[in-house]
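*Asks:* Protein sequence lines correspond, in order, to chains A and B.
Heads up, the first sequence is in this note's numbering, so the first residue is 1 and it goes up one at a time.
Heads up, the second sequence is in this note's numbering, so the first residue is 1 and it goes up one at a time.
The hints are simulated quantities; they were obtained by calculation from the structure and are not laboratory data.
Check each hint, because a few of them may be wrong.
[What the hints assert, rightly or not] Here are the simulated DSSO-like cross-link-like pairs (lysine-lysine), alpha carbons at most 30 angstroms apart as the crow flies:
no.	chain 1	residue 1	chain 2	residue 2
1	B	K8	A	K107
2	B	K243	A	K107
3	B	K243	A	K89
4	A	K107	A	K89
5	B	K374	A	K89
6	A	K107	A	K55
7	B	K8	B	K389
These are the residues of each chain, in order.
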Amino acid sequence: MSTLLEVSGVSVSFDGFKAINNLSIQIGDTELRAIIGPNGAGKTTFMDIVTGKTKPDEGYVIWGEKSSSLLDMSESQIAQAGIGRKFQKPTVFEAQTVRENITMALKNPRRPLDLLFNRAAPDTENRVRAVSDDIGLTDALDQLSGALSHGQKQWLEIGMLLAQDPRLLLVDEPAAGMSETEREQTTDILVRAAKTRAVVVVEHDMEFVRRLNCRVTVLNQGSVLAEGSLDHVTQNQDVIDVYLGR
Amino acid sequence: MQHTFIAKNPSVLWFLLGLSLFTVFVTIFSEAVGSTGISTSFLKTLGKTLCLCLVAIAMDVVWGYCGILSLGHFAFFGIGGYAIGMWLMYERTKNIVVGSLENNILPPTPEEVDTAIGTQIFGVVGSSEFPLIWAVSHSLTLQLLAVVLVPGMLALAFGWLAFRSRVTGVYLSILTQAMTLALSLYLFQNDTGLRGNNGLSGLQNIPGLEAVSQATLSLWFFWASAFALGAGYVFFAWMLAGKFGSVIRAIRDNEARIRFLGYNVEHYKLLIFTTTAMIAGIAGALYYPQAGIINPAEIAPIASIYLAVWVAIGGRGRLYGAVIGAVFVSLMSSWFTGGSAPDINLGFYVVKWTDWWLVLLGLTFVGVTLFFPKGVGGLFDLISNYREKHQ
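Isolated chain B (complex conformation) (with noise of 0.2 angstroms):
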């Protein structure tokens, strides 16, 4: 059974060899081990990409697979990150306040302590009360659960009300878009327990590893990234090859013929649409310690977009087309933004790529989207005819 499912799907082996040589390369670079051809600051960046990775192959599955433009998959994304950082916050700060009272003469009361943690947590929006939804904070293990139960209990419901009043195409997106739009103004909100717009900080720290330093820790972050985005590529992968995989593509090319095939397109939408947003939310959760902060921007519509873009640049409808999207894409925003492109004089006017990038941006998606629908992935179907002809 393992055997053919790798047979029948060689992509998936390939890209867990390129996924893993990248790994130890990074390792064996990284400051970590006492080199330095890999800065900290840019294995960061790297473990980043790979959460980006992630989920840019859950939008793939529920785009490019399922046909459901979901313009909501960050906001998970985000929920994720928020999740583990309300942890990550807590503990550390338990931790600074604990060992500051220590010297008092007098123990302090829990009462205190927990005071003590409120104000320095939410001294920012003038509180120092815990909200309602900061109540299992201090547990690791609730708050990771929080990463995968949030984002799906969110993606169920909104889920189940859309797909069974048979919402679809471009008014679906819109719709995935407001949710999105409503959860970052809630979020931006001071009086909603996540500190507004100043959002969770310090998450670069975890609580009890303060011994290890960055670098280090910075490893251990990539490798786990490196871990989620492979175990989640073989299981979309698995979930995808077999008859499975059939129903869902034909969902996205003709869901009322498959209706009357007898299969309830329904469960199956809500199925997709659920998974991934739980598999974003791990995104999420891997990402933002590496950040060290996430606000309420960050979950903006518009991060929703670019992964829309990613997905359409890199190939819809494969899953290492959505790696290669991410890749791209992020590491030429980088590029571009970061002051590395010279900037272009044209006598009259002078192209400023940190301006225009966006724009270039924008054009290639058009571009890609008009004349390469299948992306930078359809390059490999190039090579693979080529091959087949020549034989």
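Bound conformation, chain A alone (with noise of 0.2 angstroms):
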């Protein structure tokens, strides 16, 4: 397994506060990886940098085969070269069927242009279906994605992130307002997609992460703290000094 993305001393404050503080941070190009901390630990500026929402203030982050550095990309470029991103609150667009939501995220040509002079994208019935069945979906294909249950909206989102065909996939609190029964079956969504790519996990809920089965980076005060098994981290004093022992 090689680097797929190096967060290497990587730093960012907001008015004085240090949300990141020399993170350095690595991961496989076919990797599951739950990153958990605590409230403010910086676990979501840390998707924000390396999807070019945040720039940070010193730091690298460097990307793929090439080594190519993030830092000098836009959002849109960044998610073109395949890095995917699914938000807390789930955002999808509510006043358009989720055949559109799943139809904008395929891989396809994304210039103005190609959109409007190319409308037959290559087989786009068929991946749209491919995306729907993988979350469940296919059945409300022709809804307004804002009729859609909460939990619903969640699989779109993961499901756009999927037809999106990232080679990593940054995934924040997916289980959020989950059922039992939902989050099972987000569990197998995401560990079946780590077998072809790498797939970070941002979770609140250990025992999602005790389910995802998969290294752990515990995240504190923006840097980290340990990394390891769940069993191992959830050993380790400093952990349950700062996450567990509170």
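Dock chain one against chain two, each of which comes alone in its own frame, and use the hints as you go.
*Replies:* Written out as structure tokens, the structure reads:
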């Protein structure tokens, strides 16, 4: 397994508050990784930096075989390079149908003129269907996505990520607000996705992380506190002190 | 492909049908064919209204679909009018000047002709020199190009600067309004070369067609306006159908999210902003020959605000909504301000609609925005919902 994403020595502060402090993380090309940590540990800021939403004050973010720097790229360029992101709050386009949402996400040329003059992208229908089958929303394809349940919206968003066919998925609290069965299905979707690509899950919920059964990185105050299997990190005294002990 | 486009957008067919029927109806009753049902001045009003509908559609695309509340699209409309007006005025003045110099014993030199034309056109602002921006006014082709290219270039440059810096929402509206105000103030000046507050006039006289009566000319312009509106409607409907339209509406609803899907939002906005500005220019170029005169007051920010009011009242995010809004509000406006609306005597105060119409319009705008965000066009949803329930 070679390194797909390398974050090294990254720091960023907002109004004097150090949200990320000399953070270094490496993600392999087919890896499932969970990132946990107390509130304010910098989990979401880490995602913001990788996806180009926030520019760090110092450090490097290196991507792929060509070792290109993500810091010089815009959000849309980073997304096109193969990093997909799911937000904490499900953000699908509620005024549009499930089909339209997935179609927009499908990996296709994304320039305006491509969309205007090259409308019949090959095989769109089958590809949309493959994604909707994966997330169990085939029956709802022609519904407005605003009419979906909370859990279904979460899946739709994961589905839109899969449709992008990214090499790295950043998933922020996928199980928030889900029922027990929905959580299990979500775990399945993520584990399946991680067989062919890298998946990074930020999560609060320890049970959910246990079910993912993967390597865990614990963040605290913007840097890595511990890394290893879930059992390994939960026995770490530092982790117990800052995260579990409180 | 064409079949599915119409099938997916039945409103396009209905709109074209309605527009064609209206055009035939108006033609039959126009003075040009010997009828007295529709006077030439009313025919001009109808033709102008069609042009306003076209710029309203453009406004709807940029605001209702893409979420950019531009308060500058009437400026692009005005630029289109100025661009065509320059040729109309130059060519007509030249014909008159050449005609009057023909009787001279010595044939006039080109310089003499030029000076004479310059004096005729720019005498009102105390000049006889042709300013640089009139350099191509002798060429109809180039001025027609200017109708689309000048608004297009201005929108492109302005949009590139604004969208690249990620100026959005009310800040962008303020910027576009500032641009509009700056443009109208610029045009108001006498030394900018467009005759200051006199504007360009006599645009209803088309050079080379002096033999054609105004009744017939007006009908031709009415047809051209109807054709432009129909073509513009189909063009925008085509543009917004399918995935491109999906992305545009997604930009309106959540710009940050669509960026993370890998779409370059700025390019899309720029394309929409520029295209709609060019269509607005075309609408203006058809409008002002029917109006006969254009002056900088036409471009003042209030006109662009009106445009937003029409679209809001008609219904944002649907093309026919913009048309309904433009027709409804501009006809109401001429009814109320034309003195036809009866005054209301409250005993202690007489409400004169010529004074109070703007207040009524303002209240309607606020009311529609608060209580009927879908506007008049939203009524069509009620009808289709009702039908579905009772099937």
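*Asks:* Failing hints, ascending?
*Replies:* Of the numbered hints, all hold.
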